[in-house]
Amino acid sequence: MSSVRIPPVLRDAVGGSRSVAASGATVAEVLRDLFQQFPALRDRVTEDGELSRFVNVYVNDRDVRYREGLETPVAEADTVILLPAMAGGSS
Amino acid sequence: MVSGENRAQPPIGLTVLRPIADAMLTHAHAELPNEACGILSGSLADGIASSFHPARNAEASPLRYSVHPEDLVRIVFEIEDAGRDLVAIFHSHTRSAAVPSATDRRAAMYPDAFYVLASLAHPEASPESALRSWRIHGGQAFEVPLSVG
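Just so you know, the protein sequences line up as chains U and E, in that order.
Each residue of the first sequence is one higher than the one before, starting from 1 at the first, in our numbering.
Each residue of the second sequence is one higher than the one before, starting from 1 at the first, in our numbering.
Careful, some of the hints might be misleading.
Claimed, not checked - With the C-beta cut set under 7 Å, the calculated list includes, among others, these residues of chain E facing chain U:
| # | residue |
| --- | --- |
| 1 | 53 |
| 2 | 71 |
| 3 | 73 |
| 4 | 75 |
| 5 | 89 |
| 6 | 99 |
| 7 | 109 |
| 8 | 110 |
| 9 | 138 |
| 10 | 140 |
| 11 | 142 |
| 12 | 144 |
| 13 | 147 |
Derived by calculation from the structure, the hints in this document are not laboratory data.
Quantities reported herein were computed from a predicted structural model and do not represent experimental measurements.
Using N, Cα and C, we set each Cβ at its ideal position, and we do this for glycine too.
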């Protein structure tokens with residue numbers, strides 16, 4: 001099981017926990033297990049069944065967009081973080 | 001996607017301490033011609049922003065901003081570890097009014113936070129004139145009073 005750190009903005013979707021455990025060998029598998037445990041979290045960070053593009057996922061503080069995306073490997077000692085982006089603009 | 005249900009009643013308005021407001025505008029002007037961004041921390045219950053955490057704009061664009069992912073994860077947890085609240089998300093509009101665009105409203109993921117926008121359309125504008133504060137829920141923006149104090 002890997003550790004998933006939950007930021008304050010999403011914490012009410014996991015019962016208030018700062019960190020929860022989820023299993024999986026890749027980010028996609030960890031998210032699948034996480035969403036099965038916490039359907040409210042899935043509702044907050046997915047759109048049409050896909051992870052929202054406005055949500056960043058990190059493994060050990062590294063954004064997985066700069067690694068292998070949802071196929072990024074996750075080891076048991078790793079920490080996964082889900083963190084909604086802060087984005088927008090005048091256009 | 002993001003629900004504001006079952007949350008504590010937020011404060012009606014936002015107070016930004018004057019040195020913080022000045023720092024936000026200094027950062028915004030320094031980032032021209034691109035939009036600037038950052039995060040304000042303090043007390044959400046009291047509606048007071050007392051620290052400014054400037055961030056890199058990963059978009060490096062005059063029309064778009066995205067708080068750099070490395071800055072975002074560092075700042076968000078630094079704020080929490082310091083026992084503070086994430087109070088507001090800041091960005092500048094380089095030429096247009098300090099009003100959330102359709103892009104701003106669509107991308108808003110923090111229903112508890114204030115969204116503070118700066119308009120740089122008038123370079124000599126005071127913080128009171130340049131800054132406006134909003135809440136964004138369900139794709140709709142609601143202006144809330146902002147005071148500089």
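Going down the list of hints, with the structure as the test:
A distance limit of 7 Å between C-beta atoms decides the matter here; for residue 53(E) the minimum to chain U is near 11 Å, and the interface restraint is violated. A cut of 7 Å between beta carbons decides the hint on residue 71(E): the least distance to chain U is about 10 Å, and the hint is violated. Checking residue 73(E) against chain U by beta carbon gives a least distance of about 6 Å; that is within 7 Å, so the hint holds. The interface hint given for residue 75(E) is broken, as the beta carbon of that residue sits about 10 Å from the closest beta carbon of chain U, more than 7 Å.
For the restraint placing residue 89(E) at the interface with chain U, the shortest Cβ-Cβ distance is roughly 5 Å, inside the 7 Å limit, so the hint holds. Nearest Cβ of chain U to the Cβ of residue 99(E): about 9 Å, over the 7 Å cut. The hint is violated. Using the Cβ-Cβ criterion of 7 Å, the hint placing residue 109(E) at the interface with chain U is satisfied: the shortest such distance is roughly 3 Å. The interface hint given for residue 110(E) is met, as the beta carbon of that residue sits about 6 Å from the closest beta carbon of chain U, less than 7 Å.
Of the supplied interface hints, the one on residue 138(E) is violated, with its beta-carbon coming no nearer than about 13 Å to a beta-carbon of chain U, more than 7 Å. Interface restraint check: residue 140(E) against chain U, minimum CB-CB distance 14 Å, threshold 7 Å, status violated. The interface hint given for residue 142(E) is violated, since its Cβ lies 16 Å from the closest Cβ of chain U, which is over the 7 Å cut-off. Because the smallest distance between the Cβ of residue 144(E) and any Cβ of chain U comes to about 17 Å, over 7 Å, the interface hint for this residue is violated.
With its C-beta approaching chain U no nearer than about 23 Å, residue 147(E) sits outside the 7 Å limit, and its interface hint is violated.
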